[in-house]
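So the chains spell out like this:
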Amino acid sequence: MSDADIYAKLTDVFHDVFEDDGVEVTPKLTAEDVDGWDSLSHIRLVLSIEKAFKVKFSAAEVGKLQNVGEFVDLIKSKR
Amino acid sequence: MSQDLFTNLAWLPKPPENFSSLCKDFTVDEPGAGLRLRALANFGLSENHLNRLAKVIERARARSASLAPLIPFKLGIVSNATSHFIAPALVATAARHGLILECIEADYGMVVQEALDPNSIVNQAKPDAILLALDYRGLPLHATPADEVGATQAVAEALAHVMQIRDGLRANGGGVCIFQSVAPPVETLFGSFDAVLPGTLRNLIHSFNAKLAEAVRLTEDLFFDVTGLAETIGLANWHDPTMWNMAKVPFASAYIPLYADKLCRLVSAMRGKGGRCLILDLDNTLWSGVIGDDGLDGIVIGQGDATGEAHLEVQKTAINLRDRGIILAVSSKNNDDIAREPFRKHPEMLLREDHIAVFQANWNDKATNIKAIAEELSLGLDAMVFLDDNPVERALVRQILPEVSVPELPEDPALYARTLVAGGYFEAVTFSAEDRQRAEMYQGNSRRLALQKQAGDVASYLRSLNMQIGFMPFDEMGRARISQLINKSNQFNLRTQRYTEAQVATLQQDPSAFTLQIRLRDVFGDNGMICVVICRKSDDTSWFIDTWLMSCRVLGRGVEQATLTEMVAQARRRGIRRLVGEYIPTSRNKLVEDHYAKLGFEIVNRSEDGSTRWELSTEVPLTFDIYMSVDGLVAAE
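As they're listed, the protein sequences go chains A and B.
Just so we're aligned, residue 1 is where the first sequence starts under the working numbering, counting upward by one.
Just so we're aligned, residue 1 is where the second sequence starts under the working numbering, counting upward by one.
Since the hints were derived computationally from the structure, they do not count as laboratory data.
Note that CB positions come from ideal geometry on N, CA and C, so glycine has one too.
Do not rely on the hints blindly, as some may be mistaken.
What the hints assert, rightly or not - Here are the simulated DSBU-like pairs of lysine-lysine, each with C-alpha atoms no more than 30 Å apart in a straight line:
id: 1; chain 1: B; residue 1: Lys316; chain 2: B; residue 2: Lys248
id: 2; chain 1: B; residue 1: Lys345; chain 2: B; residue 2: Lys488
id: 3; chain 1: B; residue 1: Lys273; chain 2: B; residue 2: Lys74
id: 4; chain 1: A; residue 1: Lys9; chain 2: B; residue 2: Lys248
id: 5; chain 1: B; residue 1: Lys14; chain 2: A; residue 2: Lys56
id: 6; chain 1: B; residue 1: Lys345; chain 2: B; residue 2: Lys590
id: 7; chain 1: B; residue 1: Lys248; chain 2: B; residue 2: Lys273
id: 8; chain 1: A; residue 1: Lys56; chain 2: B; residue 2: Lys55
id: 9; chain 1: A; residue 1: Lys54; chain 2: B; residue 2: Lys74
id: 10; chain 1: A; residue 1: Lys9; chain 2: B; residue 2: Lys24
id: 11; chain 1: B; residue 1: Lys14; chain 2: A; residue 2: Lys51
As the list claims (entries may be wrong) - Not everything, but these chain A residues come out facing chain B in the computed CB check (under 10 Å):
id: 12; residue: Val17
id: 13; residue: Ala31
id: 14; residue: Ser39
id: 15; residue: Leu40
id: 16; residue: Ile43
id: 17; residue: Leu47
id: 18; residue: Ser48
id: 19; residue: Lys51
id: 20; residue: Lys54
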């Protein structure tokens, strides 16, 4: 899966979870940048990403992430 | 496989691709908002779908719009785990079960305080029911291996803890309490010995659940069997340690839609809703095969045959439901006496005529028949559950009678019984003396109702099937199937002429014969070859229709009309001015007695033995409504 494909799929997930088609998913995106991205919707986001990419993350892996770019690296490392 | 059944709620149709747009476009400003919400909820929705729909419902509720016939219901949720993800799923799923749900969640982790404080969020809301979603990790249930006395005490303490919560909620004006049973952990201390030794966590939880059920039984409170649900999914799938550690999520989020469906079923059963009558199709649902074509000897029920056993399971399930007070009915496309034959004479049948309160076997559409059954039984359409292996029939009933429950069925009949039960249509929270006696009340009736006015717009449904019919002359590839149809078709068969495969091959070369093998595709897939026609030149300008047979599975769709249209077009191209048809009656083909009359042929002779002869001029234009696109000999020109 190319980076472009991953970002495309991730964009769909973000739009679905946050119900906002305007969210632009870029490597530098963090929770501060998105309305409604609190700890509970973070869980929902993690679960949706696991489902969409058919991967499973550990708490430690998810806990270390600083931004979407690092999330994408994590996804790539699992596939 | 079976796990997909529960994870994806496979008894419900798959959600449409444009589900998100449908939610976005939803408005309460048009009439029938409640019914439209229920329709939106009536798919196997994922967690994200449910969240989206929940927002739509919450906005509708906030507008105080009338959402009839959905009834409002307030549910409080008190949990010692994270309930945040469950609430929106419940709101959306509730619409599927006729409820407009408002969820009031207690703050996380304040279970006892929430119950005892009259000013708590949940108590202030005065909900109709309160769900006590307690996870074992929040209960005072500590293992006491080998200590029997300690074990009894531990269970009693845990139960008292739960009852204290219940009493607090009750005292503060709460409604019914829904006690959730506890899903045991995957891990054991010893292994198999955990089940044997008193005081292990496994045994403590087992005892606790049993005592809880006992305590609930004699009250108006409800028991939500999460233990059973978790075991059905598999405890190792149910429990997600990562998610528990991260956010005290009590079970894997993949099962949120399932959990929501089961809880909403329970609540709607509490409100008196649910299935009361199971309407059964016959062919390939209650037995393997088609009674009209295969006869009593040809259908398979049980008899040590894997498929036969699968259908027998469906019958067993129906009988068990009947013993519990669910009424059984039949809706089948068959002649009435042919359809009743297996019930009267087949040695392996478990269901007998006596078991069926209303027996509708005719050639009308099933929506009309189901409506008639409901009226006869004085039951609402929302109390009807319709089981049919044919996706075309299922979709028709869903479209014309959306209140009727119609489970999707998988390809494999071995899963029919499981899928029907998984749907939970007959969930109930009581079992009264009247329920027990109901079976007897309907015993021996097996009524047949007069044919009714059509219930809905079948024509537009047929158009929506995107049918494509394909016409080809006999060829080598089709020969085996052509011969099979020629020798096996009994009902829709005008002259029951049998030919060997060799004779079929000869026909292919015969210049005086015009042959057609006809295939049908629709939105559900390829039905394969469903019709065979053989015409023979009887003189320079006439064709005699030697053979016209069709699979009964595609009756009522206009295939006969499309076939005649093709035959006439081909006849005209070959200078044929007259088609001559004949009906030779047998014990099985009364169905097509009026076939030629319906197609506009004129009768020219009727013999003593009941056979009839008909004629049609190819010069008179045909005026049928055709519901399918045609790909055939004519189109090729």
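Hints and how they fare:
In summary, the hint linking Lys316(B) to Lys248(B) is not supported, as the alpha carbons are separated by about 42 Å, beyond the 30 Å threshold. Distance hint between Lys345(B) and Lys488(B) is fulfilled; the C-alpha atoms sit about 21 Å from each other, no more than 30 Å. For a cut-off of 30 Å, the pair hint linking Lys273(B) to Lys74(B) stands: about 16 Å separates their Cα positions. For the suggested pair Lys9(A) and Lys248(B), the alpha carbons sit about 28 Å apart, so the restraint of at most 30 Å is met.
Straight-line distance between C-alpha atoms of Lys14(B) and Lys56(A) comes to about 25 Å, which keeps the hinted pair within the 30 Å bound. Annotation: proposed proximity of Lys345(B) to Lys590(B) holds, straight-line Cα distance about 21 Å (limit 30 Å). Simply put, Lys248(B) and Lys273(B) have alpha-carbon atoms about 33 Å apart, too far for the 30 Å limit, and the pair is violated. This hinted pair checks out: Lys56(A) and Lys55(B) have alpha carbons roughly 28 Å apart, not beyond 30 Å.
Proposed proximity of Lys54(A) and Lys74(B) is contradicted: the alpha carbons are some 36 Å apart, above 30 Å. Restraint check for Lys9(A) and Lys24(B): the C-alpha separation of about 21 Å stays at or below 30 Å, so the hint holds. Pair hint Lys14(B) plus Lys51(A) holds up; C-alpha atoms about 17 Å apart against a cutoff of 30 Å. Satisfaction of the interface hint for Val17(A) is found here, the shortest Cβ-Cβ separation to chain B being roughly 7 Å, below the 10 Å cut-off.
Violation of the interface hint for Ala31(A) is found here, the shortest Cβ-Cβ separation to chain B being roughly 15 Å, above the 10 Å cut-off. Interface restraint check: Ser39(A) against chain B, minimum CB-CB distance 7 Å, threshold 10 Å, status holds. Because the beta carbon of Leu40(A) sits about 5 Å from the nearest beta carbon in chain B, less than 10 Å, this interface hint is met. Look at Ile43(A): its Cβ gets to within about 5 Å of chain B, closer than 10 Å, so that hint holds up.
Evaluation of the Leu47(A) hint against chain B yields a held restraint, the C-beta minimum of about 5 Å falling below 10 Å. Because the closest C-beta pair between Ser48(A) and chain B is about 6 Å apart, less than 10 Å, the hint holds. Interface restraint check for Lys51(A): the shortest CB-CB distance to chain B comes to about 8 Å, inside 10 Å, so the restraint holds. The beta carbon of Lys54(A) comes no nearer than 12 Å to any beta carbon in chain B, farther than 10 Å, and the hint placing it at the interface is violated.
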